[in-house]
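Listed below, chain by chain, are the residues.
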Amino acid sequence: MKKNSQMPGKTNWPVTILLILGCITIFFPLYMAVIIAFKKPSEMTNDIAGALSLPSSWSFSNFTEAMKVTDFWNSLGNSLLITIVTVVLAILIHSIAGYAIGRNMANSKFYKFSYLYIVSGMFVPFAILMMPLVKQTSQMGIGNRVGVIVLYVVFYMPMNLLLYSGYLKNIPMALEEAAKVDGASTWKTYWSIVFPIMKPMHATVAVLTALGTWNDVMTPLVMMSGTGKNTLPLAQLNFQTQFGTNYNLAFASYLLALIPIVIFYLVCQKQILNGVVNGAVK
Amino acid sequence: MKGNERKRTFMLITIPVLILFFAFNTLPLIKGFIYSFTNFKGYGSYEWVGLRNYIDLFQDARVGKSYLFTFKFAIVATIIVNVISLILALGLNSKIRAKSALRGIYFIPNVLGGLVVGYIFSFIFTYILPTIGENLGIGFLKSSMLASTKSAWFAIVIVAAWQAIAMNTIIYISGLQTVPEDVYEAGAIDGATGWSKFKNLTFPLIIPFFTINMVLCMKNFLMVFDQIMSLTKGGPAQSTESISYLIYRNGMDGGQFGFQSANAVLFFVVIVAISVFQLTFMNKKEEQL
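Those protein sequences? They're chains C and X, same order as listed.
Quick note, the first sequence lines up with residues 5 to 286 if you use this note's numbering.
Quick note, the second sequence lines up with residues 407 to 695 if you use this note's numbering.
One or more hints might be untrue.
Calculated lysine to any residue pairs in the SDA-like style (CA-CA distance at most 20 Å, straight line) [unchecked claim]:
hint : chain 1 : residue 1 : chain 2 : residue 2
1    : C       : Lys14     : X       : Tyr590
2    : X       : Lys437    : C       : Gln143
3    : C       : Lys274    : X       : Ala467
Quick look at which bits of chain C chain X covers, simulated, 3 or more residues with Cβ under 8 Å [stated by the list, open to error]:
hint : stretch
4    : 98-107
5    : 149-162
6    : 179-191
7    : 214-224
These are calculated hints, taken from the structure and not from any lab test.
If you're wondering where the values come from, they're calculated on a predicted model, not measured in any experiment.
Beta carbons: idealized from backbone N, C-alpha and C, even for Gly.
Chain X extracted, bound-state conformation (with noise of 0.2 Å):
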C-alpha cells in the first residue's frame, strides 16, 4: 500500500517534468530536423528539398568560413585560457598575502555580461590601443585591430579569454587544493623543484580538472555569440562570423529558415563528436596515469 503511494508519487512528479522537457527542448529538436529537409524562408510555404540543404552547406563559402572562424577561434582560446588559467591558479594557490582578496578580483570577468563587457572592449581597441600605438610607434596597433579581417577574430579571443579564465582558474585552484600536502613533501625529497614538481606530480593529479576545463571551454567557445555580437557583427567581410552568429543572422532574418536548420543539424553533430571525443580521450589519459 506505501509502496505503491511512493510510485504513484514519483511518477507523477517525473511525467510532467518529462512533458514539459520533451515539448520545449526535444520537440523543437525534431521540428529543426525536419525544417532542414525544407525550403522554409521562415514564413509563406515550402516544399521538401531533401538532402539539398545538406549538399549545399559544403559547398557554400559563407559557411565554411563561418566553421574555420569558430573552430580557429575555439582552439586558440581554449589553450590560452588553460595555461592562463593554470598558471594563475598556481600563482593564486601559493603561499601569498592576500589570498581571498585576490581570488575575488580574478573571477569578476566572470559575473559580468558578455554583451556589455565586450562593448568597453570595443572601446578600448577601437581608441585606447591605437593611440598606444600612435605614441610608442607600434606600427600593427596602430589601426583597430576590429577593422582588420587578420586581427579581428584575436581580438575576440582577447575579451574571450578575459572572461573564461575566471571561470577556469577557479576550477583550477579547487583541483589544486585536492593534492595532499604529502604527496609534495615526498616530492620534495627525491628533489621535485619547479618545472619538474609541475610535471610528475601536480599536473597528473589535477588530470580531472583539466578534462572539464577542456570539455567546458571548448563546448562554450564552439557556440560563441555574445562577443561576436558586441564587437565586430561577424565582420569585417564576414571574417568573425561564428556558426551560432550565422544560424541567428541568415536563419532568423536572412530567410534561410531551412537552409540554417541544416546548419544547425550539423553543428550539433559537431558539438556532440567533439564533447564524446574529448571525453573518451581525456579518460584514456587518465587511466594510462
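So that you can see chain C by itself, here it is in the shape it has in the complex (with noise of 0.2 Å):
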C-alpha cells in the first residue's frame, strides 16, 4: 500500500479524532436499534432516554416474538437458498459465458456481437422488465423462488460477464494451449485450468452478486407475491403493519434481518472490500 503524505512517519491525528467521531453517523442508527430493541414498550418514554438510554434488562423475548411474528426461520432460509444458488449458478454460467464469449471477441463477429448484446443490458432499469416479467414467469409456472433466482442470473450476467472477460485478458492461452497439445477437450481444459485460474475474479463475481441479491427488495415482491414465502427483507416489508406502534418488536426483526449479513461482514471484510473495489474499477 502507498502512503500519501509528505511526512512520512508522523500521525496526523486531527484527522484521525475527526475520522473517529464521523463513525458517530454511523454508530448511532445501530446502537438506537439494539436498545430499542431490548426494550419493553413501557420503557419507551416520550423523550431522548426513552429511545437511547440502556434498557432495565437485557431480554431477548423481543426477539423470539419477533422470530414468530416474521416467520423468520423460513425468510432466511428462502433468502439463504436464493443467495446461495444463485451465487454458484453466476460464478459457474458467467464464468464459462465469459470463458466463450471473451477468448473469441478479438476475432469474431458473432461474439463481439454477443458481449456487447449482453453486457449494454447493464442499462435496461428493472421498472421496465418487472410488468412483463411478472406475466412471464407466472405463465411459464416459476413465479417463485425459482423464478427469483432465473431473473438474479440473468441480471446479474451483464456485469459479471464483462468482469470475467476482462479478467481473462491477462490470462495467456500459452497454459491452454499446453492443454491442448496433451489432447485434453475444451471443455475440460477449462474446467481444470482456466477456472481455477479465475478464483480472484470467482471471489469479486460472488460478493457483488450476493450482497445484491441478499438485499434487494423489489424482485421478490413482484415475484413472490402471493405465494407466502418471504426473503428476509420482503418479510419485513409484509409484516410491517403486525408491528403497529411496538417498536420494540419492529427493532428485534429488523437487527434479526441484518445480522446474518453484518456477521458475513465481520468474517469476510477483506474479500468484500476487495471484491467491491475490484468490482467498481474493472
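Take the two lone chains and join them into the complex the hints point to.
Quick look at the structure:
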C-alpha cells in the first residue's frame, strides 16, 4: 500500500480524531436499533432517554416474539437458498460464458456482438422488465423462488460477463494451448485449468452478486407475492403492519434481518472490500 | 479437427446463454414496449391505442411530479455523496491511526439492506429528531421531516446518501492509492499544499474514479425504490414518488399496465441518455487534462 504524505512516519492526529468522531454517524442508528430492540414497550418514554438509554434488563423476548411474527427461520432459509444458488450458478454460468465470449471477441463478429448485446443489458432498468416478467414467469409456472433465481442469473450476467472477460485478457493462452497439445478437450481444459485460475474473480463476482441479491427487495416483491414465502427483507415489508406501534418488536425484527449480513461482513471483510473495489474499478 | 472441437464447444456454451438472456431480458423489454401501445390493465382484454399513452405521459401531472422528484433527488444526492465521499477518502488515505479499522467501519452501511435501514431512519425522523428539536428549540426539527411535503425528499436523500457514501468512499480510496508518491514530492517542491495540491495534483489524477462514481451514483439514485418503500411510500401528497415506485404502484396494482409500460420505456430512454451523456462528457474532460 502506498502512503501519500509529505511527512512520512508522522500520524495526522486531527484527521484521525475527526474520523473517529465521524463514526458516530455510522454507529448511532445501529446503537439505537439495538437499544430499542432490547427494551419493553413500557420503557419507551416520550423523551430522548426513552429511545436511547440502556434498557433496564437485557431480555431476548422481543427477538423470540419477532421470530414468530415474521416467520424468521423460513425467511432466512429462503434468503440463504436464493442467494447461495444464485451465486453458485453465477460463478459457473457467467465464468464459462465469459470464457467462451471473451476468448473469441477479438476475431469473431458473432462473439463481439454477443458481448455487446449482453453487456448493454446493464442499462435496462428493472422497472421496464418488471411487469412483463411477472406475467411471463407466472405463465411458465416459475412465479416463485425458482423464478427469482433465474432472474438474478440473468440480471447479473452483464456485470459478471464484463468482469470475467476483462480478467481473462490478462491470462495467457499458453496454458490452454499446452493442454490442447496433450489432447484435452476444450470443455475439460476449461474446468481443470482456466476455471481455477480465475479464482480471484470468482471471489469478486460472489461478493457483488451476494450483496445485491441478499438485500434486494423489488424482485422478490413482485415475483413472490402470493406464494406465502418471504425473503428476509420482504418479511420486514410484509409484516410491517403487524408490528403496529410496538417499535421494540419491530426493531428486534430489523436487527434479526441485519445480523446475518453483518456477521458475513465481519468474517469476510477483506474479501468484500477487495471484491467491491475490483468490481467497480474494472 | 481440434480447431473445430474448440469452436463447437464455444458455440454450445454461448448459444444457450444468449437464449437465456434473450428470454428474460430482451423478450420482456420488447413485450413492455408492445404493451406501451395498449390500454392493458394487467388483466382482461385490451385494445391498441397507438401513441396515446405517450401523449398522456407528458400531460399527466403525477408522472411529471415523479420525474421532477426523482431528478431533484438524484442530482442532490449525487453531489452530496461525491463531496462527502471524496473528503472521507482523503481523510482515510492520509497518515492516520487505525486505518483499516476505520475503513472497515465506514463501509458498514453499504452491506446493510436499504429497506431495513430506511425503517430505522424512519424512527429517527419521526421520534428522535422532533424530540431534539423540541428540547433545543430548533423550529424546523419540531415536526417530522417525513410528514412535510417540503422536507420529505431531503430525508430520503439523507438515508440514501448514508448508504451510498460507503461505496463511493472505497472507490475514491482505491483511486487515491493509484496516485504515485513522487507526484506529491514534485508538487511539494513547487509549493503545492492544501487546496491547490488537491485541485491541481490529486483530483486530475483520480478523474476516472470520479467518472465511475458519478455514473454509478446517478444511475442508482434514478432507480431509487427501497428507501421510498420504507420511508414514505411516495407520500406525503405524492411528493416523494420516484419513477420506479410509480411504475410499481400503478402498473402492478393500479390497473395502468399499458400506461406505466409507456412510462417505463421513457424511463429507460432517459437512463440510457444520461449514462451515455455522462460517459462521453467525462471522457472529453479526461482527454483535456
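Verification of the supplied hints:
1. Of the supplied pair hints, the one linking Lys14(C) and Tyr590(X) holds, its CA atoms being roughly 16 Å apart against a limit of 20 Å.
2. Straight-line distance between C-alpha atoms of Lys437(X) and Gln143(C) comes to about 14 Å, which keeps the hinted pair within the 20 Å bound.
3. As the CA atoms of Lys274(C) and Ala467(X) are separated by approximately 48 Å, the hinted pair breaks the 20 Å bound.
4. Counting residues of the stretch 98-107 of chain C whose beta-carbon sits less than 8 Å from any beta-carbon of chain X gives 6, enough to reach three: the coverage restraint holds.
5. Chain X is given as covering the stretch 149-162 of chain C, and this holds because 6 residues of the stretch bring a CB closer than 8 Å to a CB of that chain, at least three being needed.
6. Three residues within the 8 Å Cβ limit are the bar, and the stretch 179-191 of chain C against chain X gives 4, so the coverage statement holds.
7. Coverage of the stretch 214-224 of chain C by chain X holds [criterion: at least 3 residues with CB-CB distance below 8 Å; count 5].
The structure fails to meet hint 3 from the earlier list, while all remaining hints are met.
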